[in-house]
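Peer 1: If you read the sequence shown in this note's numbering, its first letter stands for residue 26, the second for the next number, and so on.
Any given hint could be a false lead.
Unchecked claim - Simulated pairs of lysine-lysine, BS3-like, Cα-Cα distance not exceeding 27 Å:
| no. | residue 1 | residue 2 |
| --- | --- | --- |
| 1 | LYS209 | LYS185 |
| 2 | LYS168 | LYS112 |
| 3 | LYS127 | LYS85 |
Hints listed in this document are in silico derivations from the structure and should not be mistaken for laboratory results.
No experiment lies behind these values; they were computed from the predicted model shown.
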Amino acid sequence: MTGRRSSTAAAAVALGIAPLALAGLAASPAAAHGTLTDPVSRVSACYAEGPESPDSAACKAAVAASGAQAFYDWNEVNIANAAGNHKRLIPDGKLCSANRDKYKGLDLPRGDWPSSELTAGNHTFRYKATAPHKGSFELYITKDGYDPSKPLKWSDLEAKPFAKVTNPTLENGAYVFDGTVPAKSGRHLVYSIWQRSDSPEAFYTCSDVVFGEDNGSAGAPAPTASAPSDEQIEDGADQSTVDHGGHGGDDHGDGHGDDHSAEPSAPASPSAPAPAAPAAPTEPANAPEANGAGTPSPAAAPASGENLAETGGSGTTAYLAIGGAGVLAIGAAVLFATTRRKSAR
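Just need the whole structure built from these sequences, with the hints factored in.
Peer 2: Right under this line is the structure:
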C-alpha cells in the first residue's frame, strides 16, 4: 500500500511541476540581429574588410575608435527597449552607433566611408538577419546638401521614409523588399530602422551611397563597399560575443543591447523624422506602403517557403509540444496508479 501511495504522490508532484516548466519555456526571451547589406552598412563593410586589419582609411579609423570587437559583433547595433522612441534615445551625432559607445567609430564624420552605388527608382533592398522575427523596416535618406564631413543629425534625413515595409519576405537568411529611391546626386546616406513588433528591441544601420559622381571625399573616390560573405560570417562567429541564434553574449540588461530606458531624453529637432511606434503583432494597420511595383505585402509567400511572420513565434514551440505530451503521459500514469489502488482493495 505504501509503495502505491508513494508512486501516486510522485506522479502528482510531477504533474504539478510540468506546467511550471512549460511556462518557463514559453517565457524565454526572443531575439533578433542583423544589418543592411544592400546597400552595404558601415559596420558590415568594415567587418568584410577584416576587423583586425581593415583596408580602407575610414574603417581603420572606426576600428581605432571602437576596437575590433565592435565589428565582430556587426549584427548588434541595437537598443533593447527602443519601442519606437528612436529620436528620444539617440541624440544627434550618434545615429549610426545607436548611441552605444561600443559602436562610436561608426559615427565618425568623413566623406571616405566605403560606399554603394545607388540610382533613383525601384531598388531591391536586402537586410541580413541572423535571428529573424516579426517587425517593420523604415529607410530614410539624407536631404539635398548633406555634408558627410559633419556629424549626422536627425534633421539631415528626409522627414519621411522612402521605403517602409512590415513583415517582408525572408530569403536565404535575408529580408528582401522593394522601395522607390528618390532622385539624388553625389554622396548620401541611407538610415534604416528595424523595429521588432514582438519586442521593444530595434536595430539601426548607416549605409553610405553614391548617386553618380562621388562628391564626398577629397582626392580619390572612396572605395566600394562589400557585404561579408556567408563564409566570412561563419569564420568570424567564434570571435563574436553575439549568439547568432538570437541571444547576445554581452551583458546589455536583457541580453539584447544596452538598456537605455533610464537615459535622459535627447532633444529632438523639429525637422527630424518621427518614426511611428511599432504596431502590435496582430494589428494590420502597419501594412507596407506602396514604394514600387515589387513591394511585397505581409501575406506574400516567399520563394523559399519561409516568411518573417512565420518565424515570429520562437524556438519554444517544439518544447511546448514535447512538454504537452509529457503532461499527458504523467496524467495517464496517475490514473493508472489510482485504478490499481482501487482494484487492490
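Peer 1: Straight-line Cα separation of LYS209 and LYS185 no greater than 27 Å?
Peer 2: 15 Å, holds
Peer 1: Below or equal to 27 Å on CA atoms is what counts here, so check LYS127 against LYS85.
Peer 2: 15 Å, holds
Peer 1: Taken at face value, is the distance from the CA of LYS112 to the CA of LYS168 at most 27 Å?
Peer 2: 17 Å, holds
Hint compliance for this structure: no hint is broken.
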